[in-house]
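Taken in order, these protein sequences are the chains called V and D.
Using my numbering, you'd call the opening residue of the first sequence number 52 and step up by one each time.
Using my numbering, you'd call the opening residue of the second sequence number 52 and step up by one each time.
Be aware that a few hints might be false.
[Unchecked claim] With beta-carbon atoms standing in for the labels, derived distance ranges:
| no. | chain 1 | residue 1 | chain 2 | residue 2 | range |
| --- | --- | --- | --- | --- | --- |
| 1 | D | Val-327 | V | Glu-224 | 48 to 56 Å |
| 2 | D | Gly-302 | V | Pro-235 | 49 to 57 Å |
| 3 | D | Asn-225 | V | Ile-105 | 58 to 66 Å |
| 4 | D | Thr-282 | V | Arg-102 | 25 to 33 Å |
Derived from the structure by calculation, the hints contain no laboratory data.
All C-beta atoms, glycine included, are put in the ideal place defined by N, C-alpha and C.
Given next are the chains, with one letter for each unit.
There are 2 protein chains.
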Amino acid sequence: MLYLVGLGLSDETDITVKGLEIVRKASRVYLEAYTSILLVDKVVLEKYYGREVIIADRELVESGSDEILNNAQNVDVAFLVVGDPFGATTHTDLVLRARDLQIPISTVPNASIMSAIGATGLQLYNFGQTVSMVFFTDTWKPASFYDRIRENRDIGLHTLVLLDIKVKEQSLENMARGRKIYEPPRYMTVGQCASQMLEIEQIKKEEGEGKDGVYSEESLAVGCARVGGKTEKFISGTLKQLCKMDEELGGPLHSLVLMGRRTHELESDYVREFAVDKQVWDTIWKRDYEGKQ
Amino acid sequence: MLYLVGLGLSDETDITVKGLEIVRKASRVYLEAYTSILLVDKVVLEKYYGREVIIADRELVESGSDEILNNAQNVDVAFLVVGDPFGATTHTDLVLRARDLQIPISTVPNASIMSAIGATGLQLYNFGQTVSMVFFTDTWKPASFYDRIRENRDIGLHTLVLLDIKVKEQSLENMARGRKIYEPPRYMTVGQCASQMLEIEQIKKEEGEGKDGVYSEESLAVGCARVGGKTEKFISGTLKQLCKMDEELGGPLHSLVLMGRRTHELESDYVREFAVDKQVWDTIWKRDYEGKQ
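Just chain V, with the same shape it has in the complex:
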């Protein structure tokens, strides 16, 4: 059996009791470690589970799935995923390959950022599609998120923006020379995300594409850090304000919610508690959001 086990969002005790029983009994345990991370190390997990955990990087999952699925017709293999097992596309691939090999599959769901984001006080019903933000380079600034956010904002919905992480990446030079030397991990911050969003808005405006724009420096948003963990932190404010709040938010992982105009007053009351500056918040709330259903 192939077990896909969600680990939740924060530490070793966020696994479900059901999940833990599976991990303790399985023949092999893999930890998917490139689409998200827990806030604790592999050694902490190994100690807690009382057994070895094999790190499954992108290479192993995408090219070495035979190894992961080896003999899973006869023995139990646990594939651990931070958050919920179906949060990322990659694992659907793995399941399709297991199906082809007649391997039975069982899933143990867990908290995902896509539902835990409700801890901001914003209603899950008022979210549109989720988008991802990748690290821009000087020459590569993919902006497909912009049209998705436009679609959400046209109908007044919030947008959850998931932020890039770079784990076990090679520099171009090392890649070109085939050297398996990896850069230190990088986790995008709320400040980087807000800046990139504003950069794209500026570029689109110059191109004349989005005459009215999709959002602006004064759009209200919530910066989120370590959602679901003991040190969870939210800071709400304008996108411009959130460009400068990384220190207050603290370490990874971060995510961001851009609020839609359909925000209910109860949601606003809740989120206002986290405001960088309540006066600025109230002014913009009254001007751009309140009653704009």
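Here the structure of chain V is known, so what remains is to put chain D in place on it, guided by the hints.
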């Protein structure tokens, strides 16, 4: 401290290790039992937790929150919620009241249907806003879901439809006479949901509102039963086909996903495995969905 503890979706072992520790130590434990249910009884939970669990019905949460929050400044109160604690609006209310009383709050996230629905193979990124479907009566057929689905479909996204449950409801007669006698619980099925969706589409057409309609008998959808549980079951097909599949789907809880035209081929391959009739599926997929980005 007020702890909001998510229980996940299926049975007593879906609680997280962190959640279980809190439940075992808390002074009082409440189980919110009217917006969703686990697939096991209160007695199973009590045995598993080794302690008493107080059922919190709508009346208690909405009018008796003082009782729930009583002395939570000094002792630990655990409020258990099926799924994730922030899935339903009610709990935001409770948190706001706790905040007013200076009660510290801590949340233990867990799987929610809003992320576990990824088990259908449909990508969470391709979902628009979630809608709810309530039981229609002869005189009350609320159709606000229809406009929300239209918004999702206009941009090609999937819609998760959450289905009504009626727990501890009084008949009109008993309510009028002030008799606290409750009807047996009712859980909406995929078939009832699909029928009600088609009924509203018909009414809207007759009213001439949605000239093109929002969906039809031949729209593709996935019927879902007991998502995240051991007896989880998916059946995919047209809305018309899904009107008749309740027996195959089995007991509660049910939910339904109406697919958007932006469905990726990988998603379709996955969902097709659950098709009532693969030939019908393929015909409609090719005609109405494939390549319609």
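Here is how each hint holds up against the structure:
1. Restraint check, D/Val-327 to V/Glu-224: a C-beta distance of roughly 54 Å satisfies the suggested window 48 to 56 Å.
2. Between D/Gly-302 and V/Pro-235, the C-beta spacing of about 51 Å keeps the proposed range 49 to 57 Å intact.
3. Between D/Asn-225 and V/Ile-105 the beta carbons are some 60 Å apart, a value that agrees with the proposed interval 58 to 66 Å.
4. Hint check: D/Thr-282 to V/Arg-102, Cβ distance near 29 Å, so the stated range 25 to 33 Å holds.
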